[in-house]
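Trainee: Chain residues, written in single-letter form:
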Amino acid sequence: MRLLRLFPDDTKIPFMRWRKWSFLVSGIASVLCFVVLYTHGMNTGIDFQGGTLMEIQTKSGPADLEGIRSQLNGLGLGEVQVQSFGTDDDVLIRIARQEGGDEAQAAVVTKVQAALGDSVDYRRTEMVGPRVSGELAQNGILGIISALCLIMVYVWFRFEWQYSLGAVIATLHDVVLTIGFFAVTQVEFNLSSIAAILTIVGYSLNDTVVVYDRIREMRRKYKRLNLVVLLDLAINQTLTRTTNTALTTLIALAALVIFGGEVIRSFTASMLFGVLIGTYSSIFIAAPVLIFLDPQLAGDKSTKKAEDDAEEAAEPA
Amino acid sequence: MLYFSRWKVTTILLTIFVALVVLIPNYLTSDQIKTYWPSWLPGRQVVLGLDLQGGVYLLYQVDVNDYKQKRLKALEGDIRQAMREDPRIGYTGLGIQGDVVQLKIRDADKVEEAAKRLGNLLNPLSTGALGGTAVTEFQLDQGSDGLMRLGFSETGLDKRLGTVVQQSIEVIRRRVDQMGAVEPSIQRQGSDRILVEAPGEKDPARLKNIIGRTAQMTFHLVDLNVSADEAAKGNLPPGEILLKQKEGGMPMVVDETPLMTGEDLTDAQTSFQSQTNEPVVSFRLSTSGARKFAQVTSDNVGRLFAIVLDDEIISAPRINEPITQGSGQISGNFTVETANDLAVLLRAGALPAKLSVAEERTVGPGLGADSIAAGERAALIGTVAVVIFMLASYGLFGVFANLALVVNLVLIMAIITILQATLTLPGIAGIVLTMGMAVDSNVLIYERIREEQRLGRSPVSAIDAGFRRAFGTILDANITTLIAAIVLFQMGSGPVKGFAVTHVIGIVTTMFTAITFTRLVVATWVRYRRPSVVPL
Chain A
1 MRLLRLFPDD TKIPFMRWRK WSFLVSGIAS VLCFVVLYTH GMNTGIDFQG
51 GTLMEIQTKS GPADLEGIRS QLNGLGLGEV QVQSFGTDDD VLIRIARQEG
101 GDEAQAAVVT KVQAALGDSV DYRRTEMVGP RVSGELAQNG ILGIISALCL
151 IMVYVWFRFE WQYSLGAVIA TLHDVVLTIG FFAVTQVEFN LSSIAAILTI
201 VGYSLNDTVV VYDRIREMRR KYKRLNLVVL LDLAINQTLT RTTNTALTTL
251 IALAALVIFG GEVIRSFTAS MLFGVLIGTY SSIFIAAPVL IFLDPQLAGD
301 KSTKKAEDDA EEAAEPA
Chain B
318 MLYFSRWKVT TILLTIFVAL VVLIPNYLTS DQIKTYWPSW LPGRQVVLGL
368 DLQGGVYLLY QVDVNDYKQK RLKALEGDIR QAMREDPRIG YTGLGIQGDV
418 VQLKIRDADK VEEAAKRLGN LLNPLSTGAL GGTAVTEFQL DQGSDGLMRL
468 GFSETGLDKR LGTVVQQSIE VIRRRVDQMG AVEPSIQRQG SDRILVEAPG
518 EKDPARLKNI IGRTAQMTFH LVDLNVSADE AAKGNLPPGE ILLKQKEGGM
568 PMVVDETPLM TGEDLTDAQT SFQSQTNEPV VSFRLSTSGA RKFAQVTSDN
618 VGRLFAIVLD DEIISAPRIN EPITQGSGQI SGNFTVETAN DLAVLLRAGA
668 LPAKLSVAEE RTVGPGLGAD SIAAGERAAL IGTVAVVIFM LASYGLFGVF
718 ANLALVVNLV LIMAIITILQ ATLTLPGIAG IVLTMGMAVD SNVLIYERIR
768 EEQRLGRSPV SAIDAGFRRA FGTILDANIT TLIAAIVLFQ MGSGPVKGFA
818 VTHVIGIVTT MFTAITFTRL VVATWVRYRR PSVVPL
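Those protein sequence lines, which keep their order, are chains A and B.
For the record, in the first sequence the residue sitting at position 89 is 89 according to my numbering, with numbers rising by one throughout.
Just add 317 to the spot in the second sequence (first one is 1) and you have my numbering.
Any given hint could be a false lead.
[Claimed, not checked] Computed list of lysine-lysine pairs in DSS-like fashion (alpha-carbon distance at most 27 Å, straight line):
no.: 1; chain 1: B; residue 1: Lys519; chain 2: A; residue 2: Lys59
no.: 2; chain 1: A; residue 1: Lys111; chain 2: B; residue 2: Lys325
no.: 3; chain 1: B; residue 1: Lys563; chain 2: A; residue 2: Lys111
no.: 4; chain 1: B; residue 1: Lys387; chain 2: B; residue 2: Lys561
no.: 5; chain 1: A; residue 1: Lys111; chain 2: B; residue 2: Lys351
Because the hints were derived from the structure by calculation, they are not lab data.
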C-alpha cells in the first residue's frame, strides 16, 4: 500500500529566504488587526459587558423576528438585538446592560419571559451583572498574560533565552491575529473566546517547540553550520510532522465547527483559525526570529556573507 | 527502548483494563448499577455539566449596603434606648449620615457617661484574649461639642459579612431542601458571594424566587385613621409607615414597629381553610411568641393587623377575638404552589441580608440534549476522520496510532469518571481537540523512525532511536501546552473550566499512551515479525 505523503522526503524549501516577506506580511497583518480593533472594536458578549442573552425556540413554525423585536422594544430595556440562531425556529435575544445595578439587570429575564409567554421554549438564559463582567474581563486578560509568562520561563529553562523570546514573539503574533479575527469577523468575543486563545497559545507553542527542539539538536550536532542553513534544514526535516499534526488537529476542529452545534461555534471556529496561524508562525516567524536574536550572528560582520552562502546552499540541487 | 519487563507490560495492560471497568457503569442505568453491579467496584457515572443536562447556575451577591443600612437602623434604635435609660441623657440630631450614626450630646458634663453607654453598643465580635486584638463591629469617634459618631470598624464589618454569608448559605440550603429541588450545590465564593448550581432543575424561575426572597415576615397593627392618599402626601403620624399591598391592593398605613417577626414562628404548613377550601398557610408560634400574640390580640380586638412579607402586605385580617392558642392562618389568594412556597420560606427563616443575582446561566433540558447529540456527532466524525488520515499516512503504524487513540479516549473518559470532573460541551470539544493533537506524538515518533531508517539504521535500531529521540520533544511540546491548559483551568469557571479539565487530562493521557502503549505495541510487533524494513 502506498502511503499518503504530502511532501516528498528531503524537501529543500528555502523558508528563510522568504523571511523578509513573512515578517512584512505578518507585520502589516498585525497592524491591520490593531486598526480594525480600534475602528470597529470587538463584538464583546455579555460575559465582559454585562447584559442578558436568551436563546428561545418557537413551539410552532418559524419565528417571527420582527414581532419579537417590537414586543421586546416595548419593554423599555434599551438596546435589544434579535437574530435567528442556526435554524428558523431558534432565536437569539441580546439585551444590553441595564442602568441601575444588579437588581435592574436581574429583572430583565422575568420581563422578557412575561412578554413572550409560553409560546416559546426558553433554551438558554445568561445574565451577567456589571460587577461580575468587569472581573471576568480582568481575569481573562490576566490568564493570557500569565500563561505567556509561565511558558516563557519554561522555554527559557529548557532552551536558551533567545528561544524563549522567539517563542513568545511568535505566540504574541498568533494572539494578535486571533484578536484581529474577532474584530474583522465580529464573531462574539466571550469567555470561551479567551479559552480559545489560550488553547491557540498552547498549540502554537507546541508547534514552535518541536521546531526549536530540532534546531537545538542540530546546533549541537553541526556546530559550524551557518544558522540560516541550519534553520532551513530543521524546518524541512520537521515539515511533514508539522503539517500532519496541523492536519489532524484541523480535521478534528472542522468536525467540531460543522457538527458541534451553534452554541460553541464561535469557540471552535476561532480555534480553527488559530491553529492555521499557529502553524504558519512556527515556520515563518518563530524560526527566522532566531536569526535576529542569536548572539553568535548578532554583531558578526560576516553575517551578510554567510547569508549569501546559505542561500546558495539552500538552492535545490 | 524496545524491551519491556514483564511487570511493566502487566501494569500497562492492567491500567487499560481498569479504565474499561470504570467506564462500564456509564452504560448502565442507576437501577442496573444498584442491582447487578458489585458494590466493591467503582459505580460512578460521568457528571454532566449544566449545559448538557440543563440546569441553573446562579451567582448571588450579598447586598452589603442594604445590610449596613439595616445594622445602622438597629444601632440607631439601640442608641435611643441607651440614652433614655435613667438618668436620661439629652441629645439632638440623632440620625444616619451615610455610613455612620451620629448624635450630639447636649450637656458637656454628660459626654463621658454617654461615651460609656455608647461603648457598650459597639458589639464585640471577638475578645482580645489569647493575644489577639479585640474586634468590635462598630467604632466610636468623639468630635468636639459632644458630637458622637458610630460607624463600622473595617475588620468588624468583614467579620460580620463572613457570618452573614454563612447564615445566608444555611438559610438557602434549608429552603432548597424543603422545596424538594434536585440537589443543588451551594458554595461561598469570594468574600460576599454565594454560588448556587442546580443541575437538572426544571423550574429555574421558581428556584430563583425561593432563594432570592429575603422573606422577612412581620406583623403590624394597621392604622385606619390615616388614608393611604393622605399618607402618600407625606402626612404620616410619627412611628408609622405606608406599605403597599400585594397584587395591586390598596396601600395601608401601619405601625413601623412590628408586633412580631418571623423569628417567633416555629412552624408553617400549607393547609386549606375549612369553609372556602382556599389554600392557606397555617403557622405555629413559639411559647414567648404565643404569649406576645395573645396579649396584643386581646388588647386590639376589632382592629386590623397586616401580615407583611418583605415590605409588602400579604393580607390584613381583622382581629375578631383574642388568639391565645399560639397558632393562626395566613390567607392571601394563594394557589397551592404559592402557599407551599411561602410555608417553605417561613420555615427556613429570613435571609440576614438582601441577595441580588450577579450572574445567571440557565440551560433548558432541550438544549442540553441537543448539545449532547451535537457533541457526540462531532466527536465521532472527528475521530473517524483522524483515524482514516492516520491509516492513509502510516499504514500499519497508523493502525498502531489508532489503537493508541482509542486507548487514549478510554483513559480520558475513565479519569473524568473517577475524578467526577464535570463534562461540558466545551469539554467534549476539548476531547475532540485532544484526539486531533494526540496523534502528534505518534507522528513525531514515526517521522523520527523514518529519518533514522533513511540514515541507514536497521529497523530495530531505527525504532529504538525514533522513540528515544522523539521522547524529549514530546515532553517539551506537551508541557508547554499543559501550562496554557492549567492556567485556563485556574481562571475558568463553568463550561470553560470543563474544557480545561478535559484538555489537561487529554494531554496527560496522550503522553502516557505515547510512551507506554504505542511503544509496547510496536515492540511486540518487532518481536514477532522480525521486520527487515519498517513500513513507514
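Trainee: Are the hints correct? Go through all of them and say.
Mentor: So, going through the hints one by one against the coordinates:
1. Between lysine 519 (chain B) and lysine 59 (chain A) the CA atoms are separated by roughly 18 Å; this keeps the pair inside 27 Å, and the hint holds.
2. As the CA atoms of lysine 111 (chain A) and lysine 325 (chain B) are separated by approximately 63 Å, the hinted pair breaks the 27 Å bound.
3. Pair hint lysine 563 (chain B) plus lysine 111 (chain A) holds up; C-alpha atoms about 18 Å apart against a cutoff of 27 Å.
4. For the hint pairing lysine 387 (chain B) with lysine 561 (chain B), the CA-to-CA distance comes to about 20 Å; that is within 27 Å, so the pair holds.
5. Under the criterion of a C-alpha separation no larger than 27 Å, the hint pairing lysine 111 (chain A) with lysine 351 (chain B) is inconsistent with the structure, at around 45 Å.
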